[in-house]
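Here is what each chain is made of, one letter per residue.
Protein chains: 2
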Amino acid sequence: MFSIDWRPNKKDRMPLHIQIMEYIKSKIYSGDWPVNTKLPPQRELAHIFHVNRSTLATALAELIADGLLKSKIGSGIWVANNTWSVLASPKQVDWNHYVDSGICLPNFPAIQEINRSEFNPANIRLGTGELSPDLIPSAELKSIISKIPDKIQSFGYEEAKGLLYLRQQISQYVRDLGINASPASILIVSGALQALQLICFGLLPKGANIFLEKPSYLSSLKLFQSMSMQFHGIPMDNEGIEPAPIRYQNKRQSTSLLYTIPCFHNPTGILMTKQRRQDVLALSQQELLPIIEDDVYRELWIDAPPPAPLKARDQDGRVIYIGSLSKSLSPGLRIGWIIGPEPVIERLADIKMQNDYGSSSLSQWAAAEWLASGLHQNQLRKVRAELRIRRDFALEALNMYFSDIATWTIPQGGFYIWLKLIHPVSMQKLFKTALDNGLLINPGNIYDALANHHLRLSYSYAALPDMKQGLSRLATIIHKLEHA
Amino acid sequence: MFSIDWRPNKKDRMPLHIQIMEYIKSKIYSGDWPVNTKLPPQRELAHIFHVNRSTLATALAELIADGLLKSKIGSGIWVANNTWSVLASPKQVDWNHYVDSGICLPNFPAIQEINRSEFNPANIRLGTGELSPDLIPSAELKSIISKIPDKIQSFGYEEAKGLLYLRQQISQYVRDLGINASPASILIVSGALQALQLICFGLLPKGANIFLEKPSYLSSLKLFQSMSMQFHGIPMDNEGIEPAPIRYQNKRQSTSLLYTIPCFHNPTGILMTKQRRQDVLALSQQELLPIIEDDVYRELWIDAPPPAPLKARDQDGRVIYIGSLSKSLSPGLRIGWIIGPEPVIERLADIKMQNDYGSSSLSQWAAAEWLASGLHQNQLRKVRAELRIRRDFALEALNMYFSDIATWTIPQGGFYIWLKLIHPVSMQKLFKTALDNGLLINPGNIYDALANHHLRLSYSYAALPDMKQGLSRLATIIHKLEHA
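Residue numbers (UniProt numbering), protein chains in the order written: chain P, 1 to 484; chain R, 1 to 484.
Hints are computed from structural coordinates only; laboratory data are not their basis.
All C-beta atoms in this analysis are idealised placements derived from N, C-alpha and C, irrespective of residue type, glycine included.
Accuracy of the hints is not assured; some may be wrong.
Below, in silico cross-link-like pairs of lysine-lysine (DSSO-like), each with a Cα-Cα straight-line distance of 30 Å or less [stated by the list, open to error]:
#1 R/Lys420 to R/Lys274
#2 P/Lys25 to R/Lys480
#3 P/Lys38 to R/Lys206
#4 P/Lys206 to R/Lys274
#5 R/Lys147 to P/Lys142
#6 P/Lys206 to P/Lys38
#7 R/Lys147 to P/Lys151
#8 P/Lys147 to R/Lys382
#9 P/Lys480 to P/Lys429
#10 R/Lys142 to P/Lys151
#11 P/Lys147 to R/Lys142
#12 P/Lys147 to R/Lys147
#13 R/Lys274 to P/Lys382
#14 P/Lys147 to R/Lys274
Short, incomplete list of chain R residues facing chain P, as computed with Cβ under 8 Å [what the hints assert, rightly or not]:
#15 Tyr29
#16 Trp78
#17 Asn81
#18 Pro149
#19 Ala160
#20 Gly178
#21 Gln275
#22 Gln278
#23 Ala282
#24 Arg334
#25 Leu362
#26 His376
With the C-beta cut set under 8 Å, the calculated list includes, among others, these residues of chain P facing chain R [claimed, not checked]:
#27 Pro149
#28 Gln197
#29 Gln230
#30 Ile234
#31 Asn238
#32 Ser328
#33 Asp356
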């Protein structure tokens, strides 16, 4: 839980353990580490401070003797006191109680670790679902940003649904995908994740039923689970999610909807066929089951353009459509959109206003100028060509290193290969061992608790030599764990 | 709930009512207005379309006869059907059911109306809590934005707590306010409202007790109420919130905290004195009651700098501090920050990652460059001088038009004057009548249900001549309503 960016200065004449004591005292006195804060394990602290274990132990022992820290057997070291409290009052706010009682569940520990470890450049990121930095068109984006000062009309709040100029650009953009949406039926959001959050809080009562692919990206989010939504995982075949089990399970005793990623599904990479799309739409009509179509990977096709979106064939306003610039252009812009019936969009816009008063004006202008510039189609062509090279490279490396220990899907687009280990190993142990060896992976069980011998590999992020070396190292680790 | 940006073309040879019919049909066929959507009242629709009531009535009557619309006595006109459903199936997703059953309560109708009507430039905004567009330093901001392309290092995701460079700038900035905060104890958020959202979901169980000023900005938000938090409104005097009633009420049967706006309180404008700050901190220590210090108006002092923040005297990590650039620089950047003990900041950063994967990189870079440039102090000087002129002007206008119908506070900074009408009038009627007369006001009852003859006036937004004319017109309206 700690991000310590300090370490003792080995050239300083003050002994290392004293420097560490002074640092820890300063964190405690300032209130940054309040009473009852748990410190990281000693092994980790020694690693962070770049000192050996005995130096650290000396520092901690003195602080425990001073009464500032306390050691609880089997549960590590805690902040016990601060000078203020020693002098004046023994009573402290127990923030851990507040943190633990919050409504939202914390992220999976593995995801928290990934969110932290991604910023360590020494790690090879074999699971990251983002474009490699060299696939983000920085030069073109910079030229777009340099145009914003002449265009931007206001540094004030934008309309609840977002900048009209951007909504007009998106309306045109999705028309080419076959979707007929007026700017009034589009809501700008800060990425697809926020779209899901607004839907969770705006359209569903607690305990609503969500049908979704098994495994699914949605299962890796704690958001819906924090609100007690009931997930019903539905099996997939190589054409996409199977409609029959939904019909069987959907008793409509309560509010329900279907969440699906029909294009280059996260995490399996599966592309829903045209026929399956028709079947799913028919089911949605018969069962009165609204659909959330998460289509953020659509443009990243490699072999052939995917079939039209479900939303393109939706004449009754049964589909809510989510798109984004994060996967095809730049995550840092934080720009996505929701398209749906106007009453739904109005409701979600109201929740968005309650959350953050709308997305950054700067980002909205940058996205609008980008789409208006026509540069997006060039970018997509470039990304598709590069993804083809990367996918083929990754498949070759898998053939080389994994053919005796795993099977996998061959994606037609998107970022992901869904790897299934032939012999199960502990996901937790694999994740940790890989990280200790400088490899960041996305374990399958965060997408489906039962997918406990699966990995989501991504060929979009790591540089090719790193990818090859990383996969080779990963195979060795798996071999060892299998025989442990 | 509708934002119709279309109107019939009076120069077209097609009759107006036919044009309207075609427009409404297109909205229904496209799914934008699904079955069971309620149309705006006829009076409002006629106004939107710029046609007289009988033209509109003709169009609606034909659509009702076609079976596309239906009229429910006493509750207006609804979408009944669409061609698809007429031909194939009578069953439609009832989106109203989804919208109504969502977890989050909708905004107050008055706030929804304000959010919409602010974008009609014909309205004089007498309640808007924002800087007037001419107080936003557009030229300087544009020059900062033009520097971003040379500085920005990545268009990818930022760290969970936000761009380190921005956190370093904020750490320096708040040091001048007396707050000692390392970058690790700062979380970047998309404005102070998002800070409150993260606190609500991250630190509090359902039904937690929130002590707050009565009236309070927080009461105008439905967020905490959606999560069943218990609000305990505490009276204020002219030194700020009164500690004694908190001590009396705080039984600590459940998780609780104190939310306060000590500087130029929203909506009353009251500045908490130094003595009262000490009393509140002492209470917080005795009662183990954590404090959320919402300090977004601090820099907007007119007569003298306010006393140091509560956070500056917080040695035990009992205060969570919220700041923002929205009130002093630009709301469109959507940049604010939370400062608190590291375990709290880590928890809130995790929730932020679950919400939107962090704030816009562009906005974070712009904010960091702005703070690093040193331009902020110039901006604050300019804003303070202008707010003095605006406040004095508003008080003069109030003396002129309101001395026989209201009393009011004299703020020493911030944006707001809290107006109390001598004779109560219906807030709803006043709000509506004012809006019909092109005046947008913030009724007091959204800040406290019992403040039903109060208004929050703001002198920060409207141009001076508009402000004067608006206040004059408002006084006339109140006079009329008093005698109605």
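Taking the closest Cβ pair, is R/Ala282 under 8 Å from chain P?
violated (10 Å)
Against chain P, with CB atoms and a cut of 8 Å, does the hint on R/Gly178 hold up?
At about 13 Å, which exceeds the 8 Å cut-off, the nearest Cβ of chain P leaves the hint on R/Gly178 violated.
Is the hinted pair P/Lys147 and R/Lys274 satisfied, with a Cα-Cα distance of at most 30 Å?
violated (47 Å)
Holds or violated: the hint that R/Tyr29 contacts chain P, with Cβ atoms closer than 8 Å.
holds (7 Å)
Would you check the hint for P/Lys206 and P/Lys38, treating anything up to 30 Å between C-alpha atoms as holding?
Distance ~33 Å between P/Lys206 and P/Lys38 Cα, so the pair is violated.
Under 8 Å is the threshold here; is the Cβ of R/His376 close enough to any Cβ of chain P for the hint to stand?
At about 14 Å, which exceeds the 8 Å cut-off, the nearest Cβ of chain P leaves the hint on R/His376 violated.
Once the shortest beta carbon distance from R/Ala160 to chain P is found, is it less than 8 Å?
Holds. Min distance 5 Å.
Would you settle whether the hint for R/Asn81 is holds or violated, based on the nearest Cβ-Cβ distance to chain P being less than 8 Å?
violated (10 Å)
Quick one, is the P/Gln230 hint okay against chain R at 8 Å, beta carbons?
Violated, about 14 Å.
So, as I understand it, the hint says P/Asp356 touches chain R; can you test that by seeing if any CB pair is closer than 8 Å?
holds (4 Å)
Pair hint outcome, R/Lys420 versus R/Lys274 [Cα-Cα no greater than 30 Å]:
holds (27 Å)
Holds or violated: R/Lys147 to P/Lys151, with C-alpha atoms at most 30 Å apart
holds (16 Å)
Checked against the numbered hints given earlier, the structure breaks hints 2, 4, 6, 13, 14, 16, 17, 20, 21, 22, 23, 26, 29, 30, 31, 32 and satisfies all the rest.
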